[in-house]
Amino acid sequence: MNLDFSIIVDALPKMLTGIGLTFQLLILSAILGLILAILLMLMRISGKWYLSWPAQVYIYIFRGTPILVQIFIVYYGFPQLDFIRDSFLWPIFRDPFGCAIFALTLNTGAYVSEILRGGVLGVDRGILEAGSALGLSTRQKFIYLTTPIATRLALPAYGNDIISLLKSTALASTITLADMTGIARTLVAQTFAPYEIFISLAIVYIILTWILQKSLGRVERYLGRYMEK
Amino acid sequence: MTELALIQMTNVGKFFGSFQALKGINLHVSKGERIVVCGPSGSGKSTMIRCINRLEKHDEGQIIIGGKELTDQVADINAVRREVGMVFQSFNLFPHMRIVKNLMLAQRLVRKIPKAEAKATAMEYLERVKIPEQADKYPIQLSGGQQQRVAIARALCMKPEIILFDEPTSALDPEMINEVLEVMTDLARDGMTMICVTHEMGFARSVADRVIFMDAGEIVEEADPETFFDAPRNARTQKFLSQILAH
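Line by line, the protein sequences give chains Z and V.
Residue numbering for the first sequence follows our numbering, beginning at 14 and increasing consecutively.
Residue numbering for the second sequence follows our numbering, beginning at 551 and increasing consecutively.
Calculated from the structure, these hints are not laboratory results.
Please note that the accuracy of each hint is not assured.
[Said to hold, decoys possible] In silico DSS-like cross-links for lysine-lysine, where the CA-CA straight-line distance does not exceed 30 Å:
(1) K581/V x K242/Z
(2) K27/Z x K154/Z
(3) K651/V x K680/V
(4) K680/V x K242/Z
(5) K227/Z x K687/V
(6) K687/V x K154/Z
(7) K789/V x K573/V
(8) K61/Z x K680/V
(9) K709/V x K581/V
(10) K607/V x K61/Z
(11) K709/V x K154/Z
(12) K789/V x K154/Z
[As the list claims (entries may be wrong)] Here are the simulated distance ranges between beta carbons:
(13) E677/V x L236/Z: 25 to 35 Å
(14) E677/V x Y235/Z: 24 to 34 Å
(15) E683/V x Y235/Z: 17 to 27 Å
(16) I74/Z x H749/V: 34 to 44 Å
(17) S59/Z x F779/V: 50 to 60 Å
In this text, all values refer to a predicted model and were calculated from it rather than measured experimentally.
C-beta: ideal position from N, C-alpha, C; glycine also.
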């Protein structure tokens, strides 16, 4: 068969109307996920079992189940629970957007917390000892030494997770959201041209990934300026 | 020993698991004294000086620094650390901060010194270690010898009573050892109380008031440099010296 370019030309602008929603899903769940990840990481390295264990169980569960299943549990499962229907959280879970943000946040939080932990563990012990020897408190060492160094160490892996999160937002289309993938699926149903439409959708994601990758590279170089001879 | 011992270690013992790293260490250091500690690797030299600012916690005996006993009291530990500077084998500069910031951080956070004053102090000590022109570089851009001099300046910025040196020249290329030893000799001349773990025997001979030889976690011999190098009494010291001075 041949590619029908007129379908692509028609479909592209329509799909791009969903780019705003894709960005909202990406940015909101990335920010909330990062906050969650920092909390989980702090619990994990606290050295206190009653903080570390729950964090470990959480991470295990969310890394151990498919994100699509997590989205379905939130979207189809939560409304069946009376205590959720009766709680102040109901406006969030009644809305597919809220469900998607919630599931993406919980999922990325689990992955990113492990990435951050890797960064923290990667900070040279000698540097922290030098801080101790100068009289810095544990908190001061964490803020002024561990955090900036660990951030730089964790950044490449973190960027990888953000790119992966961009692609995960496509799963929101399975719970009725009209993000780019959602619109593409509607267009396929209308035009019966899955090949052209999904190819052009893939190209849009590739371009977005390229932009993300370039921006992350810039941040990496900026934060790593002290590593260049 | 004088009553005004700045460092007083009495019967100090330290274990790593079941391995005894320090056994019955007794060490008194008065203000202005310069002590060199040497001994074979694994003999407990580093562990001993790391106990002095509690980078290691001792398990037995008593350590009193400037009248404060080292216990689990965090306030006391921090008070002691403010008075005890340390220079490490691997420099341990803060890699993400420019040199001048490396020198300012603890002044600002620990001594609560205003920014301008901290910067002035930083520059003063960079002058003193002869690299003021490197102030705005990052540590990685400096040579090993320069980095170690920065580390010494960083310790001096806190105006400590005592400086501990943990093999400060062992990680350096040979041509850089002298520039660091010169700074250390300079410090000694100014009356700084110093404890140096080092294998630089020339430095020990010319600078030290006392040389301490350790082996298997114990202080085996303690003497003034002339006696130590020319007439060591203990057989283990003699063997060590013959090995280290052979080439």
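Results for each hint:
1. Pair hint K581/V plus K242/Z does not hold up; C-alpha atoms about 41 Å apart against a cutoff of 30 Å.
2. Between the alpha carbons of K27/Z and K154/Z the distance comes to roughly 51 Å, so the proposed pair goes past 30 Å and is violated.
3. For the given pair, K651/V sits about 17 Å from K680/V by alpha-carbon distance, which is consistent with the 30 Å threshold.
4. In summary, the hint linking K680/V to K242/Z is supported, as the alpha carbons are separated by about 21 Å, within the 30 Å threshold.
5. Between K227/Z and K687/V the CA atoms are separated by roughly 27 Å; this keeps the pair inside 30 Å, and the hint holds.
6. Between K687/V and K154/Z, the direct Cα distance comes to roughly 22 Å. Compliance with the 30 Å bound is thereby established for this hinted pair.
7. Between the alpha carbons of K789/V and K573/V the distance comes to roughly 21 Å, so the proposed pair stays at or under 30 Å and holds.
8. Distance restraint check for K61/Z and K680/V: the Cα-Cα separation of roughly 47 Å exceeds the 30 Å cut-off, and the hinted pair is therefore not satisfied.
9. Between K709/V and K581/V, the direct Cα distance comes to roughly 14 Å. Compliance with the 30 Å bound is thereby established for this hinted pair.
10. A hinted pair counts as satisfied when its Cα atoms are at most 30 Å apart, and K607/V with K61/Z qualifies at roughly 21 Å.
11. Taken as a hint, the K709/V and K154/Z pair is honoured in the structure, with Cα atoms around 20 Å apart against an allowance of 30 Å.
12. Between K789/V and K154/Z the CA atoms are separated by roughly 43 Å; this puts the pair beyond 30 Å, and the hint is violated.
13. As the Cβ distance of E677/V to L236/Z is approximately 31 Å, the hint placing it in 25 to 35 Å holds.
14. For the pair E677/V and Y235/Z, the supplied restraint of 24 to 34 Å holds, since their beta-carbon distance comes to about 31 Å.
15. Range check, E683/V to Y235/Z: Cβ separation about 25 Å, and the 17 to 27 Å hint holds.
16. The given range of 34 to 44 Å is broken by I74/Z and H749/V, whose C-beta atoms sit roughly 54 Å from each other.
17. Evaluation of the 50 to 60 Å hint for S59/Z and F779/V yields a pass: the beta carbon distance comes to about 51 Å.
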